[in-house]
Amino acid sequence: MDILQILFSESFWSASIRIATPLIFGVLGALICEKSGVLNLGIEGIFVAGAMVGWMAVWLGAGLWGGVLAAALAGAFFGLLHGILTVPLGLSQHVSGLGITLFATSVSYFSYRTALPTVSSPPRITPFRPLDIPLLSDLPFIGPILFQQTALTFLALFCVAVVWYIFNKTALGVALKAVGDNPNSVDAQGLSVYTLRIGAVMAGSALMALGGAFLTMSAFDAFFFGMVNGRGWICIALVIFASWRPGKALLGAILFGAFDALQVRLQTEVGGSVPSQVFLAAPYVLSIIALVIAARSADYPRALLTPWFKGQR
Amino acid sequence: MIRIEARESASSFMKLGIPVLSACVALLLAAIPLMFAGAPVGASYAQMFMGVFGSKFAFSEMLTRATPLIFTGLAAALAFRAKLWNIGAEGQLYLGALAAAAIGTGVLDISGLLLIPVIIICGCAAGAFGMAVPAALKIRFGADEVVTTLLLNFIILIFLQYMLEGPLKDPMGLGWPQTAPILDQGMLPPLMERMRIHYGFVIALICAAVAQFMLLRSVWGFKLRAVGENRNAAGHAGIPVNRSLFTAAAISGALAGLAGVSEVAGLKGYLTADLSPGFGYTGIVVAMLAGLSPGGVVVSALFIASVFVGADSMSRAMGVSSYLADLVVATALLCVLVGGFVARYKFVRVRRQLERF
Amino acid sequence: MYSDKILALKGLSKTFGTIAANCDVNLDLHRGEILALLGENGAGKTTLMNMLFGHYMPDAGQIEVADANQRFLPLTLGHPQAAIAAGIGMVHQHFTLAENLDAVDNIMLGAEPLTLLPRKRAAAEKKIRTIMAQSGLTAPINVAVGKLTVGERQRVEILKALYRDVKILVLDEPTAVLTPQEADALFENIRAMAQDGLSVIFISHKLREVLAFSHRITVLRHGKNAGEIQTDQADEQKIARMMVGSETLSHTREMQENGPALLRFKRVSVQGRARRDSLKNVDLTVFSGEILGIAGVSGNGQTALAGVISGMLSIESGEVLIEEQPLLDITPAAMISRGVGRIPEDRHRDGIVGSMSVAENMVIEQLDDPTLQRNGLLRRDAIRDYAETLSSEYDVRGPGAQASARLLSGGNIQKLILARVFDRSPKLILANQPTRGLDMGAASEVARRLLEARGRGAGIVLISEDLDEILKLSDRILVVHDGAFSIAKTRDRAQLGLMMAGQAA
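Protein chains in written order, with this note's numbering: chain Z, 1 to 313; chain E, 314 to 670; chain D, 671 to 1175.
If you are wondering where the hints come from, they were derived from the structure by calculation, not from laboratory data.
Glycine included, every Cβ here is placed at the ideal spot set by N, Cα and C.
Do not rely on the hints blindly, as some may be mistaken.
To be verified - As a list, the in silico DSBU-like pairs of lysine-lysine whose alpha-carbon atoms are at most 35 Å apart:
1) Z:Lys310 to D:Lys1097
2) D:Lys1159 to D:Lys1097
3) D:Lys1159 to Z:Lys310
Stated by the list, open to error - Derived coverage of chain Z by chain E (criterion: at least 3 residues anywhere in the stretch with Cβ under 8 Å from a Cβ of chain E; other residues may be distant):
4) 107–118
5) 249–261
6) 285–294
Unchecked claim - Negatives, chain D to chain Z, calculated, CB over 10 Å:
7) Ala730
8) Gly806
9) Leu818
10) Asp1093
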């Protein structure tokens, strides 16, 4: 069968990494939030906000990196909102997250529609172009796959390394891991549980927004309603699959991207005999399966979903 | 110095006042996006009001719009009471709609009077199945039902597309992906002449009344509430936790399925992929705004339906994007969430006394 | 006798809602002194120390700490960092350790600035090993804390304080989770450190250990100062009177014949996550009219035993028989229907549904009773009357039978649970840590009810980490260690302590 041919083609793996990029941002973002003890179901809405704000900033003349910054700030803002509701106020993390998703999505759609009344086709910007790094981009096989990606993909891979470094090599990382396991341990050492958790949620949300920004500034060049299409939820499933570890998160995102790239190619191969919807549904089914397999993982942050209140002993 | 302390108990005044206040605050905050869009605030609000209360037709449109919201609101309220996070009402709605479309277009040869009851039963069963699977995965494998129900929504929608372009496609539909029309004897009768409001509204009200009664007065409701509020203690007390969760899941899914039945066999008459503009998700806000009370869901659904219908009308008149309605609804959810905090805690002024030695 | 004062707590008060936890409390500590802070459960000892350490902000009063030049400086209140900076360290009753990190990480937490620079782990580890050698407190430091035993975790907690060059060490109920031998060893280490200049406050409600290990005793009662005495001038009667304000009410257990076997475990095995949480071929019998005491340090298998008797845990092999009838299905409902009454260890998690009313919590185990429901609908009047009757009979005090159960104090919640259990005249009762966290009055009531039930012919399994309680109430004693049960052939505390540590002769 031609599957082997597909699996060994450069374009397939290049597409896999490209498709995986927003997921890498999203999974890292969710990972940071959850490791500190806060579930952030606002991810789907934050993806939309990042996509819209990033694109709009570029449209208004801020330049591509200006758009990236704007998206990150938008994400951090929604993260701050979610953080305040869930950490010092201790409200339901599920409801707050869903509320943020609805809020961020509706704000984004409303703002976009108000700024750009209905047009026949969505206006476009000049997106990030694939980089051409001297020497590295010309390497056989690895060159096109890894070194001809856009700048945002490199940023995503860099973020994986940074997140790994912070959690494993810095005092901040130790404090974050501790606050997600037993907030009292952090409080008893004189550190602020609230600051650590809210900070983590803001940073994680900023990354989530970058995942959305990739869609409008790199993968495509315009903002479409419904373009996020459940990627945020897939990230939530992938975090559990990754056992809250950055390395495994990267692996999960790439595997997922590969699967998605594969099903697009398989559709053209297999064509009429299998309905196209089977391929369309496959990523979501895969996510559910991944979730079920990993559900009883031992690395569950012990304090996840439990609010902590100062002075409650 | 101000300190935060838990209240002894939330007064009924507060339990009622918080949702009402949240709704009002959310409506008032809509002035900000209105100004951002450059629309005259006062006139916009007036247009929204007229869009609901301006005529008998407008009001009946609001009730029609509220019907599916009552169903999905009840679905969310019952599930959330059991701490079962059913975010899949959207998908379960479509499963119910698919069942209604399949049965209602004459697949099975059922005599006239029985067709509607059969459609309703099959719609409930389809919706129940849609929630039973995530519930089973949760009970058996511990798989978080928030994610599974969410992902299932997407899968069901894709399945719907397949059905609309394949087995259920209307052969006389000029190639559009939609089902054949429901047979006359399968349609829920209208409630008023020349209005779109139909018997689905009545069924919704009955469901709400039954749910309210059962939740508060029956042993089944007691068990469900206990499981939702402290699963460990309920289990320790001999309540069969998994069975309670599973029945709650099935009933929740069935109610969402009824929303689909109501829209297809009551309002539209056929099924397309855009049947629901997010009724399932909005149902969550309806439930939260109602404080998870089935009776309150009716009031809450009427409010939110008013927001949507009013905003639609205002949008056409003022040229403001109708996404304003989604914004108001999302804001209302956040307000009611914060309001819950205010109800549970109070701010206490503490005077510090300084000792001198 | 002791030179310099190092710490002065002046007029500290703290109120939670309507409960006055501390009222105008004074306390002094001198260099190198071991001060025992004594009082019954609920007397306000932990609240006071939490104010010292900055977990709570006092409503009134102040704290002064002496620096190296014997100058008294006021301590910034409400901030643990300030307390730590002033040289105060606290070992909490419920450990404040992150189980996913090892001891080195836990100890370094908060001691280094939260920057993005690489950590100085090697240097820290070296310092920790030095401290371990000097203090005699050792524990595996490169293993995730979640895998350590309770005693090891406590030593890690103390090392945390020592790592920060603590001058004043506060220990909250340090021996609650230790065997008698471990407790002795701990106090020996503390005594040695006190001789080197460390000042220690330890909180306890146990008269014996307070008399054995302290230099001075301060007593709290109902949140207020109730007396102070040098230990060499104190005896049990004096301090008990200070603690309770009157002669303690003691219930005596009269010898009686026991009857047929009510509960039998035949080679019961349960697979838990660790060996401690498992049961391996356990044989056990409880007879009518006796109290079987299960002695042992928490976390040695009591949870598994309690889990099976409550019906919450199913068994892998073996047989459980109630009144010689085998149980086919182990579920809470089955246990309840067989006449087993269960008093759970964790009242809030397993005992009550906090947001439901007192009345609802009282009927929660008997929802199919025809007097309380008809055709599946609740008979609300009948439930209300039942709850009111029970509340007065069992002295459950609070805002009323319709109020949320979580508004009740710990003692009243326990009385609610007792009412629920005892009203059905159970034949077999599981009492799991029934007096934990209760003041003497409430604890005495629990003991009375248990003895009364025993007198009526019930069989009781009493699990308690309080060895004195076991000795007072039990007819027979089993000691559990690491998932294995052994019959205690003696009532000698030292011997029982060895068995609890697994070092039986």
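Evaluation of the provided hints:
1. Z:Lys310 to D:Lys1097: violated, 44 Å
2. D:Lys1159 to D:Lys1097: holds, 26 Å
3. D:Lys1159 to Z:Lys310: violated, 48 Å
4. 107–118: Since three or more residues must qualify, the claim that chain E covers the region 107–118 of chain Z holds, with 7 doing so at under 8 Å.
5. 249–261: violated (count 0)
6. 285–294: holds (count 5)
7. Ala730: holds, 16 Å
8. Gly806: Nearest chain Z Cβ is 23 Å from Gly806 (chain D), so the label holds.
9. Leu818: holds, 14 Å
10. Asp1093: Consistent with the label, Asp1093 (chain D) stays out of reach of chain Z, its closest Cβ about 33 Å off (over 10 Å).
Of the hints listed earlier, those the structure fails to meet are numbers 1, 3 and 5, in rising order.
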